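S.K.: Listed here are the chains, written in short residue letters.
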Amino acid sequence: MSNFFGYQIHNDRQINFDNNDLYIIKYVDSLEPTLKTCISCGTCTATCTATQFTNFNLRKLITMLRRGENNIKEEINKCMLCGKCSLVCPRGVNTRNVILAIKKTINYFNL
Amino acid sequence: MQKTYDPFVIPFAVGFIFILIAFIVKLIKWTKALSHNEKIKIIKGFFSINFFLAIKEIILESLLHRKIFKQNTILGFMHASIAFGWFMLILIGNLESRIYSGTEINPFWIPIFFDFFVHDKTGIPFYNIYAFLMDFFLLIVLTGILLANLKRFFPSLFKMKKTTKLRLGDKLALYSLWLIFPFRLFAESFTAGINKSGGFITGTIGQYAASVFDLTLPAYISWWIYSLALGIFFFTLPFSRYLHIPAEVILILYRKFGINSYNQLNGFAKLEIDSCSRCGICIDKCQINFVTENTEVVPSYFLRNLRYSYPNENQTFSCLLCGRCEESCPVGININNIRLAVRNKINNYDNTFNYSYLPDIKVNKAKVAYFAGCMTHLTPKIIISMQNIFTKASIDWVFIDKNGGACCGRPLKLSGNFIAAEKLISFTKNLIINSEAEILVTSCPICLKVFKEDYNLNITILHHSQFINKLINENKLKISESQKFNSLIYHSPCELGRGLNIYEEPYKVVNSIGNIKKTSFELNNSLCCGGSLSNTQMHDKQRDKITLDVINKLNLSDQDKIITACPLCKKTFSRFTDNEVIDIAEAVNKVTV
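Protein chains in written order, with the numbering used here: chain A, 1 to 111; chain B, 1001 to 1593.
For the record, the hints were derived by calculation from the structure and aren't laboratory data. For clarity, every value in this text was computed on a predicted model and none was experimentally measured. Positions of the beta carbon are idealized from the N, C-alpha and C atoms, including for glycine. You may find that some hints are simply not true.
Unchecked claim - Partial pick of chain A residues on the chain B-facing surface, computed with a CB cut under 7 angstroms:
id : residue
1  : 42
2  : 52
3  : 54
4  : 59
5  : 80
6  : 81
7  : 82
8  : 84
9  : 97
10 : 100
Unchecked claim - Derived CB-CB ranges, DEER-like:
id : chain 1 : residue 1 : chain 2 : residue 2 : range
11 : B       : 1475      : A       : 107       : 51 to 61 angstroms
12 : A       : 73        : B       : 1052      : 38 to 48 angstroms
13 : B       : 1544      : A       : 20        : 55 to 65 angstroms
14 : B       : 1296      : A       : 20        : 46 to 56 angstroms
15 : B       : 1073      : A       : 107       : 48 to 58 angstroms
16 : A       : 22        : B       : 1580      : 25 to 35 angstroms
17 : A       : 33        : B       : 1348      : 17 to 27 angstroms
18 : B       : 1310      : A       : 73        : 21 to 31 angstroms
19 : A       : 73        : B       : 1483      : 34 to 44 angstroms
20 : A       : 69        : B       : 1483      : 37 to 47 angstroms
21 : B       : 1310      : A       : 40        : 50 to 60 angstroms
Modelling step: build the complete structure from the supplied sequences, incorporating the hints.
M.R.: Okay, structure coming up:
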């Protein structure tokens, strides 16, 4: 029933925080503690060099990780590490290191 | 010569043989790690003019320490007096003993302990001059040792805030080095006192001492301690920082033969690492060290860890790669190259960055291609100014990343992801080639560096300050005298100045549009604004500290304007000062018609 009279039905995205494992984001947080101060304002995504070519979205990625949806391996590879996001971040999150920390975590847990 | 052997020579003799073997082993290690082409370069080098240039540099740097003299006279004197004085002692001592014994081949310890074995030197021609010279150079070395002692405990006397912290091996070597020359003085003086000989120092001290007490035993003990100290120094040398003494000589030779360590941990980089004497000159230059109190990052400790084990992440990544240490390094080690190579090794596991989503972008053809760069897109005033300047000078130009192109690849490279950087490099390179431009102009020194080093483009690559300078020289831009700026403080960006050695053109442009107010941080002594993309680990608060520190040091008065040539510097500074921060392009756009 993916296409029902021209309408799409999304998969259920309800998260059970009791069951969901947040080990990835916890590890990333420990590598780059400033990420804890992120308010998900999305300024990083608004300025992103990669976003103009593709639907890469750092805010979404971090939100997904916070929800325990850890399927971000392919998405994170789109980052160019140019550093515009860390310059505009109102919370002073070291976003470049967040990206590197996520890459490191993916490698560490062999995702 | 009555006898040529005494048990006290054993520590020195064994140490000397050990150091010879250790040096040969090290030399084989350094050379073996080089590639085939580099080895051929070395063999060719020995038969070229470069060999003589290298010898000249070895005398100037390894013995006289010219680079340290230029920076800090008293520190230079300390290093030069020990190195050059010791060298002359060895040279004259050898000469003297060879002349004494004719063509006969001596045991190798004879020149070192000549005074012990030969008491009556009157047979040597000009023996007075030898005695004078030996005493003179011994005095020079002793002065150096005294200064070294003072420096270790009171670095502020040498205008140094900090001196290097030492490992155990270094300490052992250092203390034995400090012992060698005082005991050489005692040994030679006492022996001279017994035999009524010696130069102006050893003779005088000897005569005085002989009148006070019996010298036979003290003299013999002094010879023992002298030999022991030499032996310990030789044994610790290959494991301590004093390995730089032989390593630096080889380093200068190889460098002159055209070998370098471009972003690789190859044999040459290993030689560079061994050549670091941990003199500590870089410590006071490092902003991370004196502002954020993160003392581990300085090259002295980074290279030390790299030599004995492996540097930690903080040391590898908490560096601004501003290059201030490299400029001040008396050995000329390419520290940034080595740090990048280590970053590459750490991030090596991961080359999965994927930019296949990048579309085909059509570029118009023009004579001048302008690449703004990511950072410039965050400071749109620079882009508008450049557009105006192009129009004013009626240049045929094309804006390559008008709608925001891809990144140049330098930030990835700075983080150690070389292969990922290559992917972006090939994308942007295609855009530039498709524009068929003769000149590539960029507003961002970070992009400029990678364009020049990794793009292999066969066109002229200019920073916008260079391009503007060219336009002014060609009279394509007319500067209106009435609108000139009053007092401009030029902040030289790291990547542009120390990174690419571009100082002349920006200064010329700034000079032609206003009055430069000099600070104590000009040219290669300019400070890093703190915004550097190279540092991936530093917290924002620490960055802010560095920026504030720079602004304090610039001593701004109310009407001063900071003028810079890098969008990142502009962005970093403007958050922390009420004074206007402008880019060269903006300023030129304002004062031209």
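S.K.: For each hint, tell me whether it holds in the structure or not.
M.R.: Here is how each hint holds up against the structure:
1. Hint status for residue 42/A: violated, given a least beta-carbon distance of 16 angstroms to chain B, over 7 angstroms.
2. Interface hint at residue 52/A: satisfied, since its Cβ lies 5 angstroms from the closest Cβ of chain B, which is below the 7 angstroms cut-off.
3. Given hint, residue 54/A at the interface with chain B, holds; its Cβ is 4 angstroms from that chain's nearest Cβ, closer than 7 angstroms.
4. For the restraint placing residue 59/A at the interface with chain B, the shortest Cβ-Cβ distance is roughly 18 angstroms, beyond the 7 angstroms limit, so the hint is violated.
5. The beta carbon of residue 80/A comes within 4 angstroms of a beta carbon in chain B, closer than 7 angstroms, and the hint placing it at the interface holds.
6. At its closest, the beta carbon of residue 81/A sits 5 angstroms from a beta carbon of chain B; the interface hint therefore holds under the 7 angstroms criterion.
7. The beta carbon of residue 82/A is positioned within 7 angstroms of a beta carbon in chain B (closest approach about 4 angstroms), and the interface hint is therefore held.
8. Restraint check, residue 84/A versus chain B: the minimum CB separation of about 5 angstroms is within 7 angstroms; hint holds.
9. A cut of 7 angstroms between beta carbons decides the hint on residue 97/A: the least distance to chain B is about 5 angstroms, and the hint holds.
10. A distance limit of 7 angstroms between C-beta atoms decides the matter here; for residue 100/A the minimum to chain B is near 6 angstroms, and the interface restraint holds.
11. Taking 51 to 61 angstroms as the suggested C-beta distance range, the pair residue 1475/B and residue 107/A conforms, at roughly 57 angstroms.
12. A hinted range of 38 to 48 angstroms is violated for the C-beta pair residue 73/A and residue 1052/B, which are about 58 angstroms apart.
13. Restraint check, residue 1544/B to residue 20/A: a C-beta distance of roughly 36 angstroms breaks the suggested window 55 to 65 angstroms.
14. Checked against the hint of 46 to 56 angstroms, the pair residue 1296/B and residue 20/A fails, with Cβ atoms roughly 38 angstroms apart.
15. For the pair residue 1073/B and residue 107/A, the beta carbons lie near 51 angstroms from each other, so the given range of 48 to 58 angstroms is met.
16. At about 47 angstroms, the CB distance of residue 22/A to residue 1580/B disagrees with the hint of 25 to 35 angstroms.
17. Checking the proposed 17 to 27 angstroms range against residue 33/A and residue 1348/B shows it holds: the Cβ atoms sit about 25 angstroms from each other.
18. For residue 1310/B and residue 73/A, the hinted distance range of 21 to 31 angstroms is satisfied, since their beta carbons lie about 28 angstroms from each other.
19. Checking the proposed 34 to 44 angstroms range against residue 73/A and residue 1483/B shows it is violated: the Cβ atoms sit about 55 angstroms from each other.
20. At about 57 angstroms, the CB distance of residue 69/A to residue 1483/B disagrees with the hint of 37 to 47 angstroms.
21. Between residue 1310/B and residue 40/A the C-beta distance comes to about 37 angstroms, which lies outside the given range of 50 to 60 angstroms.
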